[in-house]
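Novice: Sequences listed follow chains A and B, in order. When we follow the numbering used here, the leftmost residue of the first sequence carries the number 71, and every step to the right adds one. When we follow the numbering used here, the leftmost residue of the second sequence carries the number 60, and every step to the right adds one.
Think of the hints as simulated: they come from the structure by calculation, not from any bench. Fair warning: there could be bad hints in the mix.
[To be verified] Distance windows between CB atoms, simulated:
no., chain 1, residue 1, chain 2, residue 2, range
1, B, P179, A, M223, 51 to 61 Å
2, A, V236, B, K67, 16 to 26 Å
3, B, L105, A, E102, 14 to 24 Å
4, A, A265, B, P179, 53 to 63 Å
5, B, N104, A, G305, 14 to 24 Å
6, A, N133, B, N99, 50 to 60 Å
[Unchecked claim] Non-contacting residues of chain A with respect to chain B, defined by C-beta distances greater than 12 Å in every case (computed):
no., residue
7, G116
8, F124
9, L224
10, T397
These numbers come from a predicted model, not from an experiment. C-beta atoms are modelled at their ideal positions from N, C-alpha and C, and glycine is treated no differently.
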Amino acid sequence: MKKIDKLILISVVLISLFGLLMIYSSSSVWAEYKFNDPYKFLKTQGIFVIIGYFIIYIISKINYQIYFKYSNIILLGCIILLILVLIPGIGSVRNGSRSWFGIGSFGIQPSEFAKIGIIIFTAKYLTNNKMKDIKHSVFPILSVVFLIFGLIMLQPDFGTGIIIVVTIIVLLFVSGVKMNFFIKLGILGLIGIVALIIIAPYRLKRIVSFVNPWADPLGSGFQIIQSLYAIGPSGLLGAGLGNSVQKHFYLPEPQTDFIFSIISEELGFMGVLIVTTLFITIIYRGIKISIYQKDNFAKYLSFGLIFSLAFQTILNLMVVVGLIPVTGVTLPFLSYGGSSLLVSMINIGIILNISKQ
Amino acid sequence: MFNKKIHKRIKITLLVIIFCFILIIGKVFYIQVIDYDKLNNLANNLWSRNLIIGANRGRIITSDNVTVASNLTTVSLVVIPNQIKNKDDVVKDLANILNVDEKVISEHVNKRSSVEIIHPEGRQLSFDVADKINELNYEGVYLLKEGKRYYPYNTLLSHSIGYVGIDNQGLSGLELTYDKYLTGVSGAIKYFSDAKGNKLEKSSIYEEPTNGMDLYLTINYDIQAAVERELNNVMDKYNANGAWAIVMNPNNGEILALSSKPDFDPSNYKNYSTEVINRNHAVWATYEPGSTFKIITLAASIEENTVDLINDTFHDSGSVNVDGARIKCWKSGGHGSQTYLQVVQNSCNPGFVSLGNKLGKEKLFKYINLFGFGEKTGIDLNGEGNGILFNLDKVGPVELATTAFGQGISVTAIQQITAVSAAINGGTLYKPYIVKRIVEPNTGEIIEETKPHIVRKVISNETSRTVRSTLETVVAYGTGRNAYIEGYRVGGKTGTAQKVQNGIYLTGNYIVSFIGFLPADNPQAVVYVAIDNPKGITQYGGTVSAPIAKNIMIDVIASLNIKKSEYTLDKEEFWYDIKYTEVPNVIGLTIKEAKSQLKKLTINYSGTGNIIKSISPEPGTIVKENSTIKILLSN
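Here chain B stands alone, though its shape is the one from the complex (with noise of 0.2 Å):
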């Protein structure tokens, strides 16, 4: 009875003793099922020492196949300090084949920790002076591979591209804009090691490194390799402050070429300012745009109907009153009579004042704000600025007028060749972007593609025809005949703003500027330059900039293969008395209907039947009367 309970009892204990043993084979089970991953992995990385082979970065590469930034393959110095048996050797032969002080080396090398690399003085070795490392077979000392930055074209594009540190690491433009695409993924030589760092006999693990992404520009070598020479040649020849150029796809918002002066050379960043280097004109810069923002007003009066252009005239005396403050015309005693188109082709800023009254704050300020002034484009760049404008309550009629012919507002150059793209390309603001895709290397897959993006229509189709026809008149016929370029349809505008400093206008120091593009029926590309403070020279847009913007296009001709038009307005040294007439839209209508539309041109017949099936140039365009037009005529 007795011993019936203490059996009882003790079988008792021997079920919790069993039961303890299963719970611990259970708890075996579950770190070596359940946990397995994580321990394995951290069991892992405590027990291997990684010698890491850098990834190379991702290229980057013009839109025609360019590479204007690549690697170079070098090797850096790593040492293992517990793998060094006679240290004072490798200290003193590593120091001499370095040419550094040995207390460098020895630093390093007497370092408790598993691995360590030489640097800087052991980074991006040449390959002499790693086969010297090699020869001396050192255990315990490693080459290892590394990519280092490189830039064929060394300034071409610089203030785009950015610049990489010694660890290839993106730290300025698009290196590091796309820093996280560019830099790829290290591999490593993984080794198993004890606690003390040496080496366990254990097979080592070679993980291969995963190369960073291809970056593909919008950028055009050729255009852009123009417009760099362009611009060197203008900072050299006119000593000039600056100088900055943008090309642009007016379709799309592609940017063909980008380029501010002074630039640098990115494999040599150390030795530039970081004034130069962090002011990419082309989108930081803000300023007055002076006349090439007549464009905005021009484009918003077409679209207002508040003008005609061809038929209504302004008289101007050289000067004009507003509020009491007078206005004057860059030339003085003025232009005289004259038509609108003229006021346009002469850039006379009180033809221009006349036309701010005649659209009236309210809708020459929402035009402005249409075409994207007062805020970013949101180009793919850093450093972008904004720009000023005048806050519409506090608008009078001086602001109004100034603000008509470019000044007292503030732009950047990428804001204006963004609107002026707008204002040609049919009436649809594009937001500008640089990189066109990422391409995995390897495989060649697109990971990420950039669409053109339609920011909002601004105006209509006809009105930016008739701004395209106007602008190419200014070309042919006015202020930026320097721009002229035999046997193509180019439209344009200069201009010329005073440079303010501390809200005071600075004298003889203009940033002279000239906006174009071509073929003005069809535009393909639209080139801004702009020049600050050039010296020896007349500081105007039409002779400064003019001249450098169609050696660019004329680059962009090449380029882009643009074909020669059928059709040009003939290139006139005096032009202020021409007649204008507009190529009536006769399409359609026999030649009885038409004829009293065409009685102001010339016409010169094609084809057999009654009716009007093509006119060449095409209706719209602008042209001095009793030009001879083709029609081409069918039943």
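Isolated chain A, as found in the complex (with noise of 0.2 Å):
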């Protein structure tokens, strides 16, 4: 038996510790205002970052051939908790999707943890068929995401939902069905957008609205407005820690999404290449692992896992920097939010026993 792969854990580790010290800075003036504590959001998120070391923790010691045995139960245990959610009075709305099981201040959103289950599932799938027929072999499992995507979109939960879509299908371009395949998929997905588009106008807004910002300053636009904001006048070494302008009330939750933007404001050029080095760090070493891997589960398991992360933290990033429109994706490790934070930890834990073997 080898060693876990230490640089992964180091660099979790280090990111998480640097996302409380983000989420303090950028969210203490918001805290202080509205709960008269500067501490409030800290104290929360710290709780879930020890809650996240432990998980890994124990997550690591699970062989993860456990959840080859039990992978129908965890996807139908997650299917389970998809519907609930939707039921008002089990679930609660927060910032317009009911995508909670509230205790308190503390929110736990079903659809983080619907991720890994579709993908363990898929993992299985794909190593117990050959995916040569697709008829037979890429429909049926194209089927369960677009039953689980369809659940989460009536929350609705876009980000999570595009995260799931996007990581089973390159789960399946990796497990070798044909390109062909993959050319007609993109044609379909074109023409849906289009007929999105033609179906409700304002969706082409949004689209237009992070080419050019400005086109609508107060609407669509102000998140990345504001975001811009935070990062153009940052300069190489930022504003220095603590003193961003934005954060006061400029950027609507600071400490969420757009937590990026703030991490730039303070710490500038050299703050956003030491994030990016930490992820590109844990991905490549989670790909490493996953390439690394003679077991057939194991290997699309942690490639799922590590792609959903990469893919999750690519898709946060492009919005902050105004690559694409806002999806509304948290940053993982960095982010505020518990669900976020131990879904991302879980991820990190199974990759690691994985790398173990």
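Reconstruct the complex from the two isolated chains, following the hints.
Specialist: Written out as structure tokens, the structure is:
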């Protein structure tokens, strides 16, 4: 038995501690104003980080083969939770989406956990089926994926939904499904996007707003403009830790999706480089682990998990720097939010366990 | 084999992921470097709140360095609602000090705005009020420096200067026309604020205001003050409807003084009717010029050589019949037989009808147009009038006759003085102007300078000299005698014009005017005075306006330091039988050669020799027969 991948572990510990620091820096003004307690968000997230470290420790001890065995039950559990959360009274609404099981200020998002459930399920499916015949091998798994996507979109939580769909499609790609299929899928996707725009033209406005956010500075362009105001003037070293101006009520909820802009504002280009380097280290090591695996389930599982993490990171950063429209995806390990952090930690725990094999 | 394909595709995915990260880092770099200026500006504008510090408006200064529009430093009250902790106290105290209703202050203090100016109650406060507010030392209550326009000489030059509104914005006159130069750039205290308006602990930035540019005028303060004084007197004395006057340097078009009554105090412009404020009669009013216009007919006749002033004679029977219309002379019974020089001195209307006929309508109207009538002079004051001329196609004998002596046409005062300046300055028509230069007050750098602008050459030097000399005799011997100044050579012409209302001449209601200049041999200033409907006096230009013009000219002499002339015409009370001659140009001739030309004159020789070196007065001057002239001889 090999040892766990220490580089990933160290990077994750570093990045989550750095996340705590930045959550405090970006949220203290807002927390003091709203809750009269500048440490409010720091405390909550601090508890989650500690729980997260325990989870990494425990999960990394659990042999990943157990997921192979219980993959169906895990997925079923996820689907039940996704249905339950839609029922008013059980699921609570935050930020316009019914995607939470609320326990005080602690909120659990089942869609985050469904991410892991579907990856486990797909990894097993790909291990057991030869993906030669598209009709009989690809379509069944895709229908499961779209069932889950559909449930998530009912909340709605577009960000998590798209991460799940893209992760599974990339898993299919890696597993050797013919290129032809992806080309057709791409064309289909394009037609779908065009259809969506024709049905609801306001979506086009949202898409255009990321190209020129100043076209609608108080509406769809607002967040991205505020983000650019944070990143733009920061320079090489930034305004200094704690010196962000944008966190003073200009950028709404700076500790969540747009925490990267505050990092950039306070720590400048160097901060950006450090954060991205940590992420690339984790992703690179994760993929290397996947390649080293002899067992196909371990290979698919570790790849799926690390890819979903990578894709979520890219999605968040591209929104923050204005490369794509706002999708509402958190930045793993850095954004404030319990479910997001715990799921990322579980993710890493599983990968670390696999790394030992 | 199978794994190889998987690994290949995993590696492709890794490459795509790394590419995405590079894209993100690249975009951050782009935002921070390429978009830096734009975003930094926008972000700073978003973060900073400005407490505006008003710039001083540029001063308006006369050519002799008298400031006629300057600034007083005052303060204005500004509140930042979000920074005020105890709003009720602030409202109560401020309302108390400013002596206004608490509601008014409360509205400002509770407004959801970042910076709130207490307008107008808190504007341009005196220092003792400001001190009281300062002593309260409330957070979020600020006193900011603000300049207030100050006109130290009240109504002086008011029509030209105009006035400003409470925000120091030019609303009329030069204040409006040159607003973009006079207005400075406001400075500010910039402090950083959060999105809710609270001050952040980032240091404030002080941006110094840039004062506006100073406007230097062609106006001479002393002459302007004299004009104002004389016009005020005449308004009081004769209860006139209006009075206006212009003094111009005929050699470049500079306006030395310009005034129109009734006028206003620009500091309190709200107390005056818009009619009074807007009507700068000196450039706006159009009216029949009357006899002052005869100068144009005279100049055209001399230039076209259609008359010999000294030798041609005209018999005035008291009226002349033109195409069935009887045109009377102002003197009942007429002037009898006279030379054309006397026609000018007597301002004889039938005589000018005959001059007009000699010229013909084409030539007369050609000169009227050349002298600039019928179009704006282009002076840099707003509200200038055009005037109205007969359409040449519709000019019949009657129109030609009346135009020749200044009736049936409509002109402005500025057109007349500009045209007469051309007639006497050697024949060059200048564009009149009042702003000489625009100067940056700190560096003294000249931003813009007005150079004299020649519109065209209208008549020859010789013609102009004869016009000057003829008009000099009008003052010495003719209708302009009330403008005669001992020791100085003054030329001029009176004018009395009936006012027209709704196409009908009003009876007993005249605009009486006088246009004069000095010294007649080398004019330095032209003075035009017009009085609208003076009461309790014979309404003649010679009786009302000429004395006023004389008083103004006396001040002009002092201000411009004009020397007494060696040679002057003696004033004569009875001029009807005077015989005239012109000083011949005999310079360079020997005494013997010149003898025949000099026989109508008494000669006072000086120097030694045989050749005539110079003559005083200069050749071309019209003098009485047997006058004494000085001839300097040399070898």
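Novice: State for each hint whether it applies.
Specialist: Status of each hint after checking the structure:
no.	hint	result
1	B:P179 to A:M223: 51 to 61 Å	58 Å, holds
2	A:V236 to B:K67: 16 to 26 Å	20 Å, holds
3	B:L105 to A:E102: 14 to 24 Å	22 Å, holds
4	A:A265 to B:P179: 53 to 63 Å	59 Å, holds
5	B:N104 to A:G305: 14 to 24 Å	18 Å, holds
6	A:N133 to B:N99: 50 to 60 Å	54 Å, holds
7	G116	26 Å, holds
8	F124	29 Å, holds
9	L224	29 Å, holds
10	T397	14 Å, holds
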